[in-house]
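If you want the building blocks of each chain, they are given just below.
Number of protein chains: 2
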Amino acid sequence: MVGVSERKEFRDLAEPEAAHAAIASLDLEPDTEVVPLEKARGRVLAERVDADLDVPGFDRASMDGYAVQAKDTFGADEADPATLELVGEVHAGAEPEVTVEAGTCAEISTGAVMPPGADAVVIVERTDEHGANEIEVRTAVAPGDSVMFAGADIAAGARALGPGTHLTPREIGLLSALGRDEVPVRGRPRVGIVSTGDELVRPGETLHSARGQIFDVNSYTIATGVEEAGGEAVLYPHAGDDYDEMERLLVQASEECDLVLSSGSTSASAVDVIYRVIEEQGELLLHGVAVKPGKPMLVGRLEESAYVGLPGYPVSALTIYRTFVAPAVRRAAGVPEPQTATVSGKMAVQERYSEGRMRLMPVGLVERENGETLVYPVDKGSGATTSLVEADGIVEVHPDTEYLAEGEEVDVLLFSPDVRAPSLLGVGEDDPLLNRLLDRLGTPRYLPVGSREGLRRLRNGVPDVAVVAGPVERDVDAVDLGGWRREWGLVVPDGNPAGVAGVASLVDDDLRFVNRDSNSGLRTSLGNAVAELADERGVSRHDVVSEIDGFDRSVKASESPARRVLAGDADVGIGLRATADRLGLGFVSLGRQDVRVRANPDRTEKPSVDVLRAILDDSEEYAETLTGYDAA
Amino acid sequence: MVGVSERKEFRDLAEPEAAHAAIASLDLEPDTEVVPLEKARGRVLAERVDADLDVPGFDRASMDGYAVQAKDTFGADEADPATLELVGEVHAGAEPEVTVEAGTCAEISTGAVMPPGADAVVIVERTDEHGANEIEVRTAVAPGDSVMFAGADIAAGARALGPGTHLTPREIGLLSALGRDEVPVRGRPRVGIVSTGDELVRPGETLHSARGQIFDVNSYTIATGVEEAGGEAVLYPHAGDDYDEMERLLVQASEECDLVLSSGSTSASAVDVIYRVIEEQGELLLHGVAVKPGKPMLVGRLEESAYVGLPGYPVSALTIYRTFVAPAVRRAAGVPEPQTATVSGKMAVQERYSEGRMRLMPVGLVERENGETLVYPVDKGSGATTSLVEADGIVEVHPDTEYLAEGEEVDVLLFSPDVRAPSLLGVGEDDPLLNRLLDRLGTPRYLPVGSREGLRRLRNGVPDVAVVAGPVERDVDAVDLGGWRREWGLVVPDGNPAGVAGVASLVDDDLRFVNRDSNSGLRTSLGNAVAELADERGVSRHDVVSEIDGFDRSVKASESPARRVLAGDADVGIGLRATADRLGLGFVSLGRQDVRVRANPDRTEKPSVDVLRAILDDSEEYAETLTGYDAA
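In order, the protein sequence lines correspond to chains C and F. In terms of the numbering used here, the first sequence has 290 at position 94, counting the first letter as 1, and numbering is strictly consecutive. In terms of the numbering used here, the second sequence has 272 at position 76, counting the first letter as 1, and numbering is strictly consecutive.
Okay, chain C solo, but in the shape it has when bound (with noise of 0.2 Å):
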């Protein structure tokens, strides 16, 4: 099962340098290509552009007024103004058909050509018309006042634009003054993705969850990725562990593009399968980095490009490409890093560290009142596909770092660009309620937590607010902002078929139950019920609990365990009315909890948390669109 590949690589593990030079020595440079101007906004430029005209290619009036010679107009002022003769009009866009002889001048507009004889504009404003044919000036002009010699603007011969130059709308327009309709470009790397692993399926297709399948993420994500570091992304069929296919794809995409990426299964089988076709149809740098995570990154040749593969988890995958292959796209590409992509904070807390070998640790970004960035680990295991939005980047931790203090300074590179840290980060219980506020803050975190977490979260001073359901065993210090109350119980299938009447049916009856965990406050609330149902009765609370098939049973959100109901897989739920009512199945009250919004006491005068107060005065009106619930 664990193939000879994947134990070699413990063996011999490179330095991240090494990964780096390993893929810094393959080459990804595409060609030059030639795009129209309309889609040359974000590219690079190859070459140098010189002018090959003027701009403008002739003298041109710069304001609306009377083309002379100036010489006339010497001595002209307002007691003493010069008289001239209107000989004629020149507009823009024509030719002039008047030349200017001494003493006589032409109306003119702006951009139009001065005309034969002119070498001035007087402005409109310092003349006046006297009669058809006779214009006073008021003014004395020099030689080229008014006027914008040819080439003034850019010479013919003159360096226009440098190569590697980021073409921004002002680039594009420059070079719509040259009169250039294509514009040279450095090319965008080509990327193939080639998923492998038999679990994966595209998103769209038709998921077998009891066959193990699970939606191709990386596929997508890393495409993304490459797209957004200026790479063009080419999806590749899925291929599964097959060795014939797998080959056959990689030789394909090798052929097509400049670089191919492997990523997607955690399997040994697909890893061995993609280790035995590099081996065979190119050749292989490195296998192995010693990063957490990353170990199983391969670096190497193929027939006719190079190749990179990715660990088969969705945040390793994200996090190796982001590190050690967006940096080769982007020089490949000619981008550079935006400013962006990097931003110092402060860690949040401290985080010790002590595996010896350089670890890419995912982190979460939070704002202070006065703006100041704090960064906490975020580590849900790597499997998780939550904590790639959960993750805003990663810390490098160098392997002789011991930990990260409390309020030390790091740099986080962040996993695009474009990500900023939430306006708000809020933890705690799973409410629909809740989530419809949510809708109103402009891109808040919410990590559904639990109530109990979600307090000792808010006790270590990470989140901006907790949100807590239910009776608080151990309070903390936070400034209240609001809340509701919502009716919870037990969800059964519509009708009741078991006639369930409560917890004691759950001890008494034949049901297999689902719980949610022990840091919900469902479950708190459930726990504070089945310890009355055991004084009631004279036995322990233990006695009653093990009694419930299904008591420790739990699975994550508020939905969860009707929806095991409604698939059938349980009896009976714990959960609230409004979602019985939703998914149209049966409920048991077993009464009413409080959901309060508990914030940060050094974030109350953050602006969102503000927003969020605001926002929760209008919690009544929420709450009569979900039944059970009410404001407190």
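These are computed hints drawn from the structure, not numbers from a lab. Warning: the hint list may mix true and false statements.
As the list claims (entries may be wrong) - So, partial list: chain F residues that the calculated Cβ filter (under 8 Å) puts toward chain C:
1. 258
2. 354
3. 358
4. 376
5. 400
6. 409
7. 411
8. 640
Stated by the list, open to error - Restricting the straight-line Cα-Cα distance to at most 30 Å, the calculated cross-link-like pairs of lysine-lysine (DSSO-like) are:
9. C:235 <-> F:235
10. C:488 <-> C:542
11. C:542 <-> F:542
12. F:542 <-> F:491
13. F:488 <-> F:542
14. C:542 <-> C:491
What the hints assert, rightly or not - Here are the computed distance ranges between Cβ atoms for each label pair:
15. C:542 <-> F:565: 21 to 29 Å
16. F:565 <-> C:243: 27 to 35 Å
17. F:279 <-> C:788: 50 to 58 Å
Ideal Cβ placement from N, Cα and C applies to all residues, glycine included.
Starting from the known structure of chain C, fit chain F onto it as the hints suggest.
Then chain F, alone, in the frame of chain C:
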């Protein structure tokens, strides 16, 4: 010629806040659209996405090893392992065909479905195979160890992503995990761009300079700005100044777009036509804003869309777009302004101002050795396209500001979030060898203002280096980085048909001459040659100059006089042997002049100055590729 409308605008200019408010009152917001996951990068989620399935959808091994009943391992350790019967194996992506009873185990791969009966995984490293069917377990595990339960990552019903979420790689990853192959996103506002003015020609078309035509700059600049702000730009065919055609195009654009921008012409007649169409087909909310530039701005409604008329000059158009329109496009697209769209820096020089209306001052950026950003005003007249590329952004100078002091902190609204300070700011002589050297520097900015003006600017302390050709009248405190020599003289038609022999021919023969401007080192050297001739002849320098037809006819770039000769517009031009050879023209040498690269003494440690110093060591190699050049 000057229309009623244009006169009207000066009467009652709106305050900038009123212009922002007028634009904000327009509805630019497009409908929500659904895009495939692969196209969702950079888009903004239109509505909340809740998980409609558990991720993972099954209890899953999170390590390679053996699926067991945890209780069978209780008490096991290295000294006293537990022995279990191996009853089968489970691979990732396959449905388990084995049940784990007490005393048994099943081989399991990372990601595989936990087989019925098993509640934990023992990692392979803590086991030994003992014969074909016996596994020794050297550690105790608890239920759930190395198992990721169904829904542990994301539970069905949980809030996954909120409305307004910017979709970066990690969010795309989460959406993939949920199996979403389509995503509801905020629509991109469609912005139609109608260009006006008879003088404009689209890049790629033939330009007739004699008719006063110029290439259309604004359509492409603004279209690029629209795309950058998250909109979709639609370029309509060029309208000219014809009322019916312009009306037809504006109406069509208003039917097809959320916002119509007109832009292009500076001519009063085109502005008049636009004005009439808006008044007849829609509603004009505002005409003229008290900002410099931007007086001619229009805001209103067309039949089915919003409308903004931008000024005609490129820098003015981009400035008004960036300041007033782009924020509205971003709001409609739901895209926040990138943090990089604004930088702060210190004024490099004092700037006086007293016009009584807000000034949107175009500025350039340059970095000091310590990385601090300096800001300097760029003002070539708003008609210049090159100031588009010399300016990095805008400083808003309020009407009551009398001056900005040197060293004063200012905020710069960048023309694009992708704009950054150039690596090197150079000024001075236009020179072909220099142009090639510059190609080796990453993103320098070089302003060919001539040697004299270059030295003046170096004296003011703004640029990093000045490039100076020919004799220097007034030196400046600077560090010499290196240089070369170039042969200069008179460029004549191939074969020198007029038999030009030297400066004397310009005086004595009937020749039309073209000079460089007085900032150019070429002109300074010519001035010296003229003075010598005057000495020889015993006349004044003025006497000599007045006999040269065109001594004061100066053009801008080093190649410009030669190009006039090539075009037959002149008989002789000042220039370089290298230019004459390149253009296939004749050349009469007048000598060699030094070209020296002089560094700002405060910037000698700046990285790009160091790189330039190193590149200059190779100037010999470059000199060999240009006739008349040698290393100094």
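We went through each hint and held it up to the structure:
no.: 1; hint: 258; result: holds (5 Å)
no.: 2; hint: 354; result: holds (4 Å)
no.: 3; hint: 358; result: holds (6 Å)
no.: 4; hint: 376; result: holds (6 Å)
no.: 5; hint: 400; result: holds (3 Å)
no.: 6; hint: 409; result: holds (6 Å)
no.: 7; hint: 411; result: holds (5 Å)
no.: 8; hint: 640; result: holds (7 Å)
no.: 9; hint: C:235 <-> F:235; result: holds (17 Å)
no.: 10; hint: C:488 <-> C:542; result: holds (22 Å)
no.: 11; hint: C:542 <-> F:542; result: holds (27 Å)
no.: 12; hint: F:542 <-> F:491; result: holds (28 Å)
no.: 13; hint: F:488 <-> F:542; result: holds (22 Å)
no.: 14; hint: C:542 <-> C:491; result: holds (28 Å)
no.: 15; hint: C:542 <-> F:565: 21 to 29 Å; result: holds (28 Å)
no.: 16; hint: F:565 <-> C:243: 27 to 35 Å; result: holds (31 Å)
no.: 17; hint: F:279 <-> C:788: 50 to 58 Å; result: holds (53 Å)
Figure legend: structure checked against the earlier numbered hints; every hint is met.
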